[in-house]
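Asks: Quick note, the sequences are listed as chains A and B, same order.
Residue 89 in numbering that gives the first Met the number 0 sits at position 90 of the first sequence, with consecutive numbering throughout.
Residue 57 in numbering that gives the first Met the number 0 sits at position 58 of the second sequence, with consecutive numbering throughout.
Derived by calculation from the structure, the hints in this document are not laboratory data.
Think of the CB as a built atom: it goes at the ideal place given N, C-alpha and C, for glycine as much as any other residue.
Be aware that one or more of the hints could be misleading.
A few chain B residues facing chain A, derived, Cβ under 10 Å [stated by the list, open to error]:
| hint | residue |
| --- | --- |
| 1 | Pro85 |
| 2 | Val101 |
| 3 | Thr104 |
| 4 | Pro109 |
| 5 | Asp111 |
| 6 | Asn115 |
| 7 | Gly121 |
| 8 | Leu123 |
| 9 | Lys128 |
| 10 | Phe180 |
| 11 | Leu225 |
| 12 | Thr236 |
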Amino acid sequence: MGSSEKYKLDLSLVKKLIKIIESSEVNEIELEEEGVKIKVVKSSKTQEIIQAPIQHSVQVPIHQTIDKVKNVSYEVAATESNKNLHEIKSPIVGTFYRSPSPDSPSFIEVGSLIDSGTPLCIIEAMKLMNEIQSEVKGKILKILVENGKPVEYNQPLFLVEV
Amino acid sequence: MDTARINKLLLTKEIGRNIIFLEETNSTNVFAKELPLDKTINGLLIIAEHQTSGIGRRGRIWTDEAGANILFSIVMTNFTNPNLIPFASGIAVAKSISEISVLKTECKWPNDVLLNNKKISGTLIEKDKSKLIIGVGININQTNFGDLNKLATSLFIETNKIWDRELIIATILNYIEPLIFIAQNNPNQIIDLWKKYTNFFGKIVEINTETGNFTAEAIDVNELGLLIIKKGNTIETLSSADVSIKIN
Chain A
0 MGSSEKYKLD LSLVKKLIKI IESSEVNEIE LEEEGVKIKV VKSSKTQEII QAPIQHSVQV
60 PIHQTIDKVK NVSYEVAATE SNKNLHEIKS PIVGTFYRSP SPDSPSFIEV GSLIDSGTPL
120 CIIEAMKLMN EIQSEVKGKI LKILVENGKP VEYNQPLFLV EV
Chain B
0 MDTARINKLL LTKEIGRNII FLEETNSTNV FAKELPLDKT INGLLIIAEH QTSGIGRRGR
60 IWTDEAGANI LFSIVMTNFT NPNLIPFASG IAVAKSISEI SVLKTECKWP NDVLLNNKKI
120 SGTLIEKDKS KLIIGVGINI NQTNFGDLNK LATSLFIETN KIWDRELIIA TILNYIEPLI
180 FIAQNNPNQI IDLWKKYTNF FGKIVEINTE TGNFTAEAID VNELGLLIIK KGNTIETLSS
240 ADVSIKIN
């Protein structure tokens, strides 16, 4: 069968494609030749950046770049998720607290039923305690940030089933 | 406390034009939070002679001698971009105290005011969708802080004189109103003004956050109000922490 010969040919083509994709801004190349389809996809560097510990602490210019990258990934997450799910995001850069003070109970837990206006958490920045309220009615499915951790602008905080 | 006298000394348009005076309350911020919105007007001032459970950052206790200090909350229902208002409050207190007492005050990030390296004032701001509550405590005529004597001071302790609290309140409010406007409309200007009241930069500071404590060098404050620190060889920014200057 001629298929093994074709297979060799394809492998060298794949190598070439990998080289091209590595040295370019392109993330994906798809090629179809004589009924054989080759698709080379660059592994997402975006993902690596996001999985690195979310250091709140970055110099300003870098900070802004990272914010942009993160926004991209958040959008992806939202599109992948069910349409009945709603993400509540941080309106500011700050520190996330689940309770009004360390001794008091959390505003909400996983499974809590919430309404529009229900207080969910506090984000502190410069000793300004911002009480974040829900903008939707629903049920808390996930709490996406740990108490006391820094959060970035637009970072998802809660996943709500609406 | 003579609230009519405060009113006479005011030059403000809205802040302090309506005053609720309380001999005693749990906390002026809590009182302000619980006040129904239809009974709240922009600039409303809540003053107390004594707080039974005064609060600081993250549940810290703020104690006071009844009738000796300044304890108030300004309630704002009309605000646009309040993130830098903590700096407006720090500047207003530092400037008023230093003008009236002729002592050198200093701001510590983000909004504490120090006198001889000890805390004389702190601000805690709380915000929800409809209200911004600026809670300010200033140690004026208190004679003793007990266990906190090494960390806290008052104008009386520093000068051995009783000070006019109404004059100090009115002066702070007269400064804070335009500074709040600047904080919401011109971020660089408010940060530059605040920097004139600090010699914090270049100092080694102890930083306590909810997730850990460490030592770093305070470098600067950026236009978002975040503290820039140098920790080892890395530069980082902080949005919230208790920061104290390390005294060897």
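Asks: Hint by hint, which ones does the structure fall short of?
Replies: Of the numbered hints, 2, 3, 6, 10 do not hold.
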